[in-house]
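There are 2 protein chains.
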Amino acid sequence: MPVRLDARADDFETAFRALLSAKREVSEDVDAIVRDIIADVAARGDEALIDYTARFDNQTLTPETLRISPAEIEAAVAAAPQEALEALKLAKARIEAYHVRQKPQDESFTDEAGVTAGWRWTAIESVGLYVPGGTASYPSSVLMNAVPARVAGVPRIVMVVPTPGGVINPLVLAAAHIAGVDEIYRVGGAQAVAALAHGTATIAPVAKIVGPGNAYVAAAKRRVFGLVGIDMIAGPSEVLILADGEANPEWVAADLLAQAEHDTAAQSILITNSEALADAVATAVEGQLLTLPRQDIARKSWDDFGAIILTPSLEAAIPLVDRIAPEHLEIESPQADALAAQVRNAGAIFLGQYTPEAIGDYVGGPNHVLPTARSARFASGLGVLDFLKRTSILRCSVEALRAIGPAAVTLGETEGLQAHARSVSIRLNI
Amino acid sequence: MPVRLDARADDFETAFRALLSAKREVSEDVDAIVRDIIADVAARGDEALIDYTARFDNQTLTPETLRISPAEIEAAVAAAPQEALEALKLAKARIEAYHVRQKPQDESFTDEAGVTAGWRWTAIESVGLYVPGGTASYPSSVLMNAVPARVAGVPRIVMVVPTPGGVINPLVLAAAHIAGVDEIYRVGGAQAVAALAHGTATIAPVAKIVGPGNAYVAAAKRRVFGLVGIDMIAGPSEVLILADGEANPEWVAADLLAQAEHDTAAQSILITNSEALADAVATAVEGQLLTLPRQDIARKSWDDFGAIILTPSLEAAIPLVDRIAPEHLEIESPQADALAAQVRNAGAIFLGQYTPEAIGDYVGGPNHVLPTARSARFASGLGVLDFLKRTSILRCSVEALRAIGPAAVTLGETEGLQAHARSVSIRLNI
Numbered sequence: 001m002p003v004r005l006d007a008r009a010d011d012f013e014t015a016f017r018a019l020l021s022a023k024r025e026v027s028e029d030v031d032a033i034v035r036d037i038i039a040d041v042a043a044r045g046d047e048a049l050i051d052y053t054a055r056f057d058n059q060t061l062t063p064e065t066l067r068i069s070p071a072e073i074e075a076a077v078a079a080a081p082q083e084a085l086e087a088l089k090l091a092k093a094r095i096e097a098y099h100v101r102q103k104p105q106d107e108s109f110t111d112e113a114g115v116t117a118g119w120r121w122t123a124i125e126s127v128g129l130y131v132p133g134g135t136a137s138y139p140s141s142v143l144m145n146a147v148p149a150r151v152a153g154v155p156r157i158v159m160v161v162p163t164p165g166g167v168i169n170p171l172v173l174a175a176a177h178i179a180g181v182d183e184i185y186r187v188g189g190a191q192a193v194a195a196l197a198h199g200t201a202t203i204a205p206v207a208k209i210v211g212p213g214n215a216y217v218a219a220a221k222r223r224v225f226g227l228v229g230i231d232m233i234a235g236p237s238e239v240l241i242l243a244d245g246e247a248n249p250e251w252v253a254a255d256l257l258a259q260a261e262h263d264t265a266a267q268s269i270l271i272t273n274s275e276a277l278a279d280a281v282a283t284a285v286e287g288q289l290l291t292l293p294r295q296d297i298a299r300k301s302w303d304d305f306g307a308i309i310l311t312p313s314l315e316a317a318i319p320l321v322d323r324i325a326p327e328h329l330e331i332e333s334p335q336a337d338a339l340a341a342q343v344r345n346a347g348a349i350f351l352g353q354y355t356p357e358a359i360g361d362y363v364g365g366p367n368h369v370l371p372t373a374r375s376a377r378f379a380s381g382l383g384v385l386d387f388l389k390r391t392s393i394l395r396c397s398v399e400a401l402r403a404i405g406p407a408a409v410t411l412g413e414t415e416g417l418q419a420h421a422r423s424v425s426i427r428l429n430i
Numbered sequence: 001m002p003v004r005l006d007a008r009a010d011d012f013e014t015a016f017r018a019l020l021s022a023k024r025e026v027s028e029d030v031d032a033i034v035r036d037i038i039a040d041v042a043a044r045g046d047e048a049l050i051d052y053t054a055r056f057d058n059q060t061l062t063p064e065t066l067r068i069s070p071a072e073i074e075a076a077v078a079a080a081p082q083e084a085l086e087a088l089k090l091a092k093a094r095i096e097a098y099h100v101r102q103k104p105q106d107e108s109f110t111d112e113a114g115v116t117a118g119w120r121w122t123a124i125e126s127v128g129l130y131v132p133g134g135t136a137s138y139p140s141s142v143l144m145n146a147v148p149a150r151v152a153g154v155p156r157i158v159m160v161v162p163t164p165g166g167v168i169n170p171l172v173l174a175a176a177h178i179a180g181v182d183e184i185y186r187v188g189g190a191q192a193v194a195a196l197a198h199g200t201a202t203i204a205p206v207a208k209i210v211g212p213g214n215a216y217v218a219a220a221k222r223r224v225f226g227l228v229g230i231d232m233i234a235g236p237s238e239v240l241i242l243a244d245g246e247a248n249p250e251w252v253a254a255d256l257l258a259q260a261e262h263d264t265a266a267q268s269i270l271i272t273n274s275e276a277l278a279d280a281v282a283t284a285v286e287g288q289l290l291t292l293p294r295q296d297i298a299r300k301s302w303d304d305f306g307a308i309i310l311t312p313s314l315e316a317a318i319p320l321v322d323r324i325a326p327e328h329l330e331i332e333s334p335q336a337d338a339l340a341a342q343v344r345n346a347g348a349i350f351l352g353q354y355t356p357e358a359i360g361d362y363v364g365g366p367n368h369v370l371p372t373a374r375s376a377r378f379a380s381g382l383g384v385l386d387f388l389k390r391t392s393i394l395r396c397s398v399e400a401l402r403a404i405g406p407a408a409v410t411l412g413e414t415e416g417l418q419a420h421a422r423s424v425s426i427r428l429n430i
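Read top to bottom, the protein sequences are chains F and X.
If you're matching positions, the first sequence starts at 1 in our numbering and goes up one per residue.
If you're matching positions, the second sequence starts at 1 in our numbering and goes up one per residue.
Hints may contain errors.
As the list makes no split between identical chains, a pair holds if one copy fits it or if it spans any two.
[Said to hold, decoys possible] Below 25 Å or equal to it, Euclidean Cα-Cα: the simulated DMTMM-like pairs (lysine to aspartate or glutamate) are:
| # | residue 1 | residue 2 |
| --- | --- | --- |
| 1 | Lys300 | Glu413 |
| 2 | Lys300 | Glu399 |
| 3 | Lys89 | Glu74 |
| 4 | Lys103 | Asp231 |
| 5 | Lys103 | Glu64 |
| 6 | Lys89 | Glu72 |
| 7 | Lys89 | Glu112 |
| 8 | Lys89 | Asp6 |
| 9 | Lys89 | Asp46 |
| 10 | Lys89 | Glu286 |
| 11 | Lys89 | Asp111 |
No wet-lab data here; the hints were simulated from the structure.
Just chain F, same shape as in the assembly:
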């Protein structure tokens, strides 16, 4: 059974803190293993990559077969169900239309001192996209990672995906094809991250690595951070549904379960001001669980980490929302807009009863790679900015240097950096 809290109860703060600090993930200590794999791939390149792939993915490769060929990709597209292909194309078009709006503007202005300042955005020169193999190999995630990179103008997008025993989801290749991925290699794990960061004879290194993965992949990304850029470290997914008494309990239950079915470590929380809705949703969840293919996963997530919280009003729930800082926030209430405006911390907000979170996972347009585990307090979802970087630009005329240079000389001297001061004063003859 999920935990049930009442914000009016005396022990609520204690219980809520316990909910906030519940550790949903066992952090496996794989760092030492990962360190050795990375060092080995950095030293032996393709050879090491091929060895690890034989050992972990039970697959014999050569430098020539590391890369998935254009013919294989075409065959996968040809073999994919037409309906799924069409859905992927719709998703790609909508994700693209949303992300195009995220492209930032360059800036240049000249102030009264005669200083011209501004900045310029440029695309990262090459990006590696990690795609998990097996059951967590989602074509939708390929789109969500690759499309913003393409919109940003990244010239080279490389994908790595493990294909244990030679098996790969053809729709993952189709999604890569639709999104415009340039190169695909059939490798995974820490060894694939190492290859992307250090490069091998076959795989040229990239400047940034994005995409979800298991504990080994996450540890490898942490280790290569600095040599290359990385995106966030993804944790288990969560949804918080804020609903009043008018919400449809079956719909709310369906949305809670859509989160719970991801992973036994996923978390689904309902906050409501209606005890009747709370009861009805709890009952509806039990009913819907019975017919769910992934009911074992969803039940464990709901029982271990699910929560129903009663608050005097939905407004009174806002501070709790900000403390939870959910990856996904659904607001099912006629006051959804006004409530959303008061929220500071959430990865994505879904407004009204016709916006189930799953729409955002696939075809809504916004990115489904979002900050998990309370990191929406300080982080954003994936977007075009993650594939760009900003260069600041400054130009002083001689008059401008005369105007602002003396203050720089003062500060350089104050900080004991005489060569800083001199690099200005030498130009001003002071």
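Dock chain X against the given chain F, drawing on the hints supplied.
Chain X only, in chain F's frame:
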């Protein structure tokens, strides 16, 4: 002597690769020590913080004296030299004027399917700013970190600064006052990072930690990443000057030394198409070194990591610039603008002979916290965006859900996520 390369030489590629991969920093392995300090502060709070401060900073504190009082700050401001205060105020005003332009726009649009999508930027609720003590305690860095946070609208800005033996640079306190820092604590090292991340009875936790520090601080920031956000891990600083035969060799030398005086691990590189300039700059550096207070540091940096590279033209140097991805790039040439437009990877570009890099360190306006150690390939300098996060927003009308919902159902089923599919189909009676 700095290394001297010629792009036309047969062994240039090998020599250039060696320059690129030169390890300038000894990475001390302090992770185990830092792990224990963080665990201790998380467990014992103020008590642990006070113990470590006694041990490392030779200072006896109580929970009441952890915080630097408003009276102490006022006294520091009163004691500060007027000229330095005025320079800091000019710097603050110029940094603010530049960063205000970085504030991003919210977005909301409704497409033909009836889907309303967009995003909203919100400020991070609280930010901790680490300021080093001792000789690397720079008031300019306080401004560069705190002003963008203030511009972003961060409601609570907390500063920590070690004060070994009770000594603090009054201008650091004055800069914090000018920038609008809300709370200042006289603690440093891994223990201060731990206090900011986990909170203590006296120091409420923050959501993100920024600012430079030594190996212990960097390791602590890596460790608390995830619990809180962090900025980049700063490495030693570097400048690359691209100059043609018209450049003033004394000015170029002054700028190379302004970088070299930071740190023995700093790097100063000149790329020129003029052998005469190369020779004149080398001579000028030797001359200027003689009168530099920090000549020991600057000489070691220049001898160990300095480089002068000859290229057939400045255009031919652009691919080398992108591979070096310098933190600071100066272009001293009448063609500076056209050359800058071709550069992909640089943290900041300084155009023309009247824009020494030191102007950007203090009063130019752009941020001086920039990506080091080749990370300009994938990272940007500090800015307002580092203190904001983006929440995506989605709303479907019933018609919109009818239009795009079926594709989401298809993809949910395709990915084996039946509860995802159901959360859409249950609303459509399909």
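We went through each hint and held it up to the structure:
For the homomeric pair lysine 300 and glutamate 413, the shortest alpha-carbon distance between copies (21 Å) is at most 25 Å, but the shortest distance inside one copy (64 Å) is not. For the homomeric pair lysine 300 and glutamate 399, neither the shortest alpha-carbon distance inside one copy (70 Å) nor that between copies (35 Å) is at most 25 Å. Only within a single protomer do lysine 89 and glutamate 74 lie at most 25 Å apart by alpha-carbon distance; the minimum there is 16 Å, versus 62 Å between protomers. Taking CA atoms no more than 25 Å apart as the test, lysine 103 paired with aspartate 231 passes in both settings, with 18 Å inside one copy and 22 Å between copies.
Taking CA atoms no more than 25 Å apart as the test, lysine 103 paired with glutamate 64 passes in neither setting, with 37 Å inside one copy and 48 Å between copies. When the C-alpha separation of lysine 89 and glutamate 72 is checked against a cutoff of 25 Å, the pair qualifies only within one copy, where the shortest distance is 20 Å, while the shortest distance between copies is 63 Å. Only between protomers do lysine 89 and glutamate 112 lie at most 25 Å apart by alpha-carbon distance; the minimum there is 17 Å, versus 51 Å within a single protomer. Proximity of lysine 89 to aspartate 6 under the C-alpha cut-off of 25 Å is found in neither arrangement, the shortest distances being 45 Å within a copy and 51 Å between copies.
With identical chains, the CA atoms of lysine 89 and aspartate 46 are never at most 25 Å apart, being 34 Å at best within one copy and 56 Å at best between copies. Taking the shortest alpha-carbon separations for lysine 89 and glutamate 286, neither the intra-copy value of 35 Å nor the inter-copy value of 63 Å comes in at or below 25 Å. For the homomeric pair lysine 89 and aspartate 111, the shortest alpha-carbon distance between copies (17 Å) is at most 25 Å, but the shortest distance inside one copy (47 Å) is not.
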